[in-house]
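By the numbering used here, the letter at position 23 of the sequence shown is numbered 23, and the numbering carries on one by one without gaps.
Please note that the accuracy of each hint is not assured.
[To be verified] Straight-line Cα separation of at most 30 Å, DSS-like style, residue types lysine-lysine; simulated pairs:
#, residue 1, residue 2
1, 105, 87
2, 182, 105
3, 182, 196
4, 226, 182
5, 150, 196
6, 35, 105
7, 87, 35
8, 150, 182
9, 105, 226
10, 35, 150
11, 226, 253
12, 35, 196
13, 182, 253
14, 35, 182
15, 105, 196
16, 87, 150
17, 196, 226
[Stated by the list, open to error] Label-pair ranges, simulated between beta-carbon atoms:
#, residue 1, residue 2, range
18, 212, 11, 23 to 29 Å
19, 199, 12, 33 to 39 Å
20, 192, 87, 38 to 44 Å
21, 269, 175, 42 to 48 Å
22, 237, 82, 29 to 35 Å
23, 99, 273, 33 to 39 Å
24, 23, 165, 33 to 39 Å
25, 70, 152, 23 to 29 Å
I should point out that these hints are in silico values taken from the structure, not numbers from a laboratory. No experiment lies behind these values; they were computed from the predicted model shown. Cβ atoms here follow ideal geometry from the backbone N, Cα and C, with glycine treated the same way.
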Amino acid sequence: MSPFRASPGFTDEWRHFDLDVSDGVATVTLNRPDKLNALTFDVYADLRDLLAELPHRGDARVVVITGQGRGFCSGGDVEEIIGELQKMAAAELLEFTRMTGAVVKALRECPLPVIAAVNGVAAGAGSVIALASDFRLLAESASFAFLFTKVGLAGADMGSAYLLPRLIGLGRATELLILGDKIDAARADHIGLATKVVPDGSLAQEAGALAQRLADGPALAYSTTKVLLTRELDMDLGSSIELEAMTQALLMKSDDHAEFYAAWSAGRRPQWTGR
1 MSPFRASPGF TDEWRHFDLD VSDGVATVTL NRPDKLNALT FDVYADLRDL
51 LAELPHRGDA RVVVITGQGR GFCSGGDVEE IIGELQKMAA AELLEFTRMT
101 GAVVKALREC PLPVIAAVNG VAAGAGSVIA LASDFRLLAE SASFAFLFTK
151 VGLAGADMGS AYLLPRLIGL GRATELLILG DKIDAARADH IGLATKVVPD
201 GSLAQEAGAL AQRLADGPAL AYSTTKVLLT RELDMDLGSS IELEAMTQAL
251 LMKSDDHAEF YAAWSAGRRP QWTGR
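Let the sequences and hints guide you as you build the complete structure.
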């Protein structure tokens, strides 16, 4: 557990999704299968807060996000969110949109690698949650739909217009965000939106294997790599090289780097501690 905490303790119970932490892997399961795991105000808020807590708990090195049932996440619940938004004043609407964006910001700024195990439809906000993850493992039956324009809103939402062009290029991002059409797992893989596509029955196993590999590996090296990838998106080359030089010099004094050399010298596998 991190010593750099304020007075309140960690949250004991997350009521709006399931959380399991085991062997360094924190698995977040959206649990409204009857609504294809559509998001509510409470789910957004809990995701934002959980992602802020996880790096300080001390028992998680990687995060897996998935959905219960046949969908990953179908976006905001039409009845519980969109209907309510119609009644809100502009100040309340801005508070809401800032909260949804805070989830994506938390995903990118969380130093733990995040795996989205996309087990079905990922639409609207669900597609952006997967987009903001570090790895996207897709079941063959999975699909994406950045469908914001389909409901009369800007296709640029929750940071999608920032993240998507950097992942798949401006032309393809323009197509997906403006048209809002559904694309299947095969096309997502073809354009670089998927890390890997696997058979439906193998998704949990594949996600678990990747998560355990990350949890058992040099976690500090993984987390600093994620942080640098995020920070360097808007840096010039000289600034990036200097930041990487300072980071690498610091990690050369890490326990894991020393362990690599000791293991190499002894002809054995490293025993990583993530420090």
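Hints breached by this structure = Violated hints (numbers, rising): 13, 22; every other hint is consistent with the structure.
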